[in-house]
Every structure is written in C-alpha cells, then in structure tokens.
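A.B. asks: Take the sequences, apply the hints, and build the full model.
First to last, the protein sequences are chains A and B. If you read the first sequence in my numbering, its first letter stands for residue 1, the second for the next number, and so on. If you read the second sequence in my numbering, its first letter stands for residue 1, the second for the next number, and so on.
Take these hints with a grain of salt, some might be off.
Derived pair list, reagent style EDC-like, types lysine to aspartate or glutamate, alpha-carbon separation capped at 16 Å [unchecked claim]: (1) A:K59 x B:D175; (2) B:K5 x A:D74; (3) B:K117 x A:D74; (4) A:K64 x B:E154; (5) B:K70 x B:D205; (6) B:K70 x B:D49; (7) B:K42 x A:E62; (8) B:K5 x A:E20; (9) A:K64 x B:D175; (10) A:K59 x A:E12; (11) A:K82 x B:D175; (12) B:K5 x A:E67.
Everything labelled a hint here was simulated from the structure, so no lab data went into it.
Here's the letter readout for the chains.
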Amino acid sequence: MIVRILGEGQLEVPDSAVDELNKLDVALEKAVERDDEAAFRPALEALLAKVREVGSATKPDELKPSELIIPQPDATMEEVRKLLTDEGLIPG
Amino acid sequence: MGVMKRVTMVFRAKANKALDRMEDPRETLDYSYQTQLELLQKVRRGVADVATSRKRVELQINQLQQSADKLDRQARDSLAAGREDLAREALTRKAGIQSQLEDLQTQYASLQGEEEKLTAASQRLQQKVDAFRTRKETIKATYTAAEAQTRINEAFTGISEEMGDVGLAIQRAEDKTAQMRARAGAIDELMASGALEDMVSGPHDDIQAELDRMVAGTGVDRELERMKAELSQGSAPREIEGGGQGSADGATPASAASTTEPGPAGDTE
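C.D. replies: Dropping the structure here:
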C-alpha cells in the first residue's frame with residue numbers, strides 16, 4: 001500500500017500495518033475535531049513515526065496514486081482542516 | 001473515516017474532476033504534461049524566491065551582528081574607563097539588537113528549511129514528470145483506447161497527487177517568504193530611517209562621542225600634568241619673577257619674554 005507524507009513523498013507500507021495506522025489516525029482526527037492543540041501535535045507525530053518506521057521509499061519514477069495521505073510534519077491544525085476540504089489545494 | 005483517507009479523497013476528487021473534463025485520452029496526456037512543465041517552472045521560481053529572501057535576511061543578520069559587536073566593544077571601553085553608566089547604556093542597546101538578531105536567525109533557519117524542502121520537491125516532481133513523459137509516449141504508441149484509458153487514469157491520478165503536493169509546498173513557501181519580506185522590509189526601513197543607526201553608530205553615536213571625549217579628556221589631563229611638572233621644575237625663577245628681573249633669562253620662554261625688556265634696551269646701546 002502506498003502512503004504519502006505531504007512535502008516528503010510516497011512510502012510503500014505493508015498492509016499489515018494498516019490497523020495500527022488507522023488507530024493512530026483516529027486519535028489525530030479526534031484531536032482536530034475537538035480543536036485540541038495539545039493532543040494534535042503528538043497524534044500527528046505518532047502517525048508519522050509509525051509510517052516512517054514501517055514504510056520504505058517508493059521508486060522515484062513511480063506514478064501510482066497513494067491510498068493514504070498524511071499531512072506534512074509541521075502542519076498546523078488549521079492547515080490540516082483546510083486539507084480536509086478543497087480549500088488551498090492546487091488543482092491537479 | 002480518518003484524516004488520511006479524507007485528505008486522499010480530496011486529492012483524488014481533484015484529479016477525477018480534471019480527468020472528467022477531458023474526452024480524448026491523448027489530449028489528457030498532452031495537456032497534463034504541459035501543466036506539469038508549468039508547475040516545474042513555478043517550483044523552480046519558488047526556490048529562487050526563497051533563496052533571495054534568505055540572502056536578504058542573512059545580510060541583515062550580518063549588519064546587526066556588527067552593531068552588536070561594536071556596542072560590546074564600547075561597553076568594555078567604557079568599563080575600562082570606569083564609566084559603568086555608559087557601559088550599562090551600551091549593553092542595554094546591545095540587548096535590543098540581540099533580540100532582533102535572534103528573531104532574524106529563527107527566520108533564517110525557517111527559510112533555509114523551506115528552501116531545502118522546495119528543492120527536494122522540485123527534484124521529486126522532475127523525476128515524476130520524466131516518468132510521465134516516457135509513459136505518455138508508450139501509452140500512445142501501444143495500447144488500444146480502452147486499455148489506454150485505464151493506464152492514463154493511473155498515471156494521471158498519480159502525477160496529479162504529486163502536483164497537488166508540490167503545489168501546496170510552493171504555497172507554504174510563498175506564505176513564509178511573504179511574512180519574511182514584510183519583516184525584512186520593516187528592519188530595512190528602520191535602518192534607512194536612522195532609528196537603528198542612531199542606536200549604534202554613525203554621527204549620532206553618543207556612546208562613542210562620550211568615549212571619545214573621555215579619551216580626549218585623559219589626553220588633556222596628561223598634558224596638563226606634564227606641563228605642571230615642567231613648570232614646577234622651573235618654578236624658582238618664576239617665583240622671583242616679580243622680584244628680580246635680571247635672573248629670569250633662560251628660565252621659561254614665557255617669563256623670559258616678559259623679562260627681556262632690559263635686553264633690547266641693552267641692544268640699542
């Protein structure tokens with residue numbers, strides 16, 4: 001499964017890690033929904049750390065779309081919110 | 001549903017919308033390739049813009065550092081001259097500059113990070129665009145329309161996602177650069193207006209003026225001391241100046257001049 005970290009590129013992640021990633025992602029989503037800055041940063045960091053731990057970089061000439069996309073590491077909660085809507089995205 | 005899935009859907013929706021607009025697969029490929037080249041240009045310009053801002057901040061850091069160093073020297077000179085009040089003033093000004101310096105250094109690091117990220121994004125996109133170009137030609141040459149459509153969709157969606165990602169990176173860099181420009185502009189204005197200049201250097205440098213006065217002052221004092229010493233050596237003739245005129249010759253030029261009146265009188269003899 002291909003996962004993209006925004007600003008960094010794509011990683012190939014084994015399917016076996018999906019459950020774990022989803023669990024971390026739920027925590028991130030809850031933090032954003034509750035506008036909980038204190039929980040947001042560690043949740044994003046935990047998710048990124050896990051993806052980096054289990055993932056390996058895809059080939060540079062790979063042109064496949066990702067199944068999951070994670071916000072950039074220094075994203076603010078506001079930026080993540082924008083990512084969840086159309087706002088601020090360059091049309092591909 | 002989770003953040004990851006939702007972000008992915010937003011990216012996917014963008015790509016699908018663009019795909020839906022195009023009827024001819026070949027058109028899709030060629031049009032997309034054009035857009036990719038344009039984005040590559042844009043990201044390269046972005047890298048150059050960030051670099052320009054970074055260099056400007058670097059220049060300001062150097063200028064402020066020089067000012068801080070100068071104030072530090074002045075504080076030392078003042079202390080050495082026993083003027084703690086002046087040293088305190090210099091250090092207070094230095095602290096003001098120091099906090100601006102720290103702010104600029106943070107900005108510098110942030111711009112440097114942005115520059116590195118954009119450079120990496122530009123390289124990544126370049127590789128994807130190259131891959132897309134190759135694939136585009138292969139698809140055009142080899143596949144039937146139906147097969148082509150599937151492959152085009154994948155390549156197109158893949159490159160769209162990369163382009164969306166790079167586009168966001170450019171936007172973030174532009175936002176940061178705009179912020180830095182505003183701050184750098186404010187500091188430039190401060191320097192141009194002389195407000196900062198007044199604080200550290202130039203004709204209005206009152207700390208330096210005071211130090212200079214003190215150095216000049218000690219010079220005068222020293223000279224005075226020397227003169228006094230000289231005078232005290234020749235004090236004997238000076239003391240009897242009022243009494244006996246004749247013994248004054250050769251003592252000090254001043255007293256000699258005032259006591260040589262009998263001399264010219266003698267000359268005229």
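A.B. asks: Against the structure shown, which of the earlier numbered hints fail to hold, in ascending order?
C.D. replies: Hint check: 1, 2, 6, 7, 9 fail, others pass.
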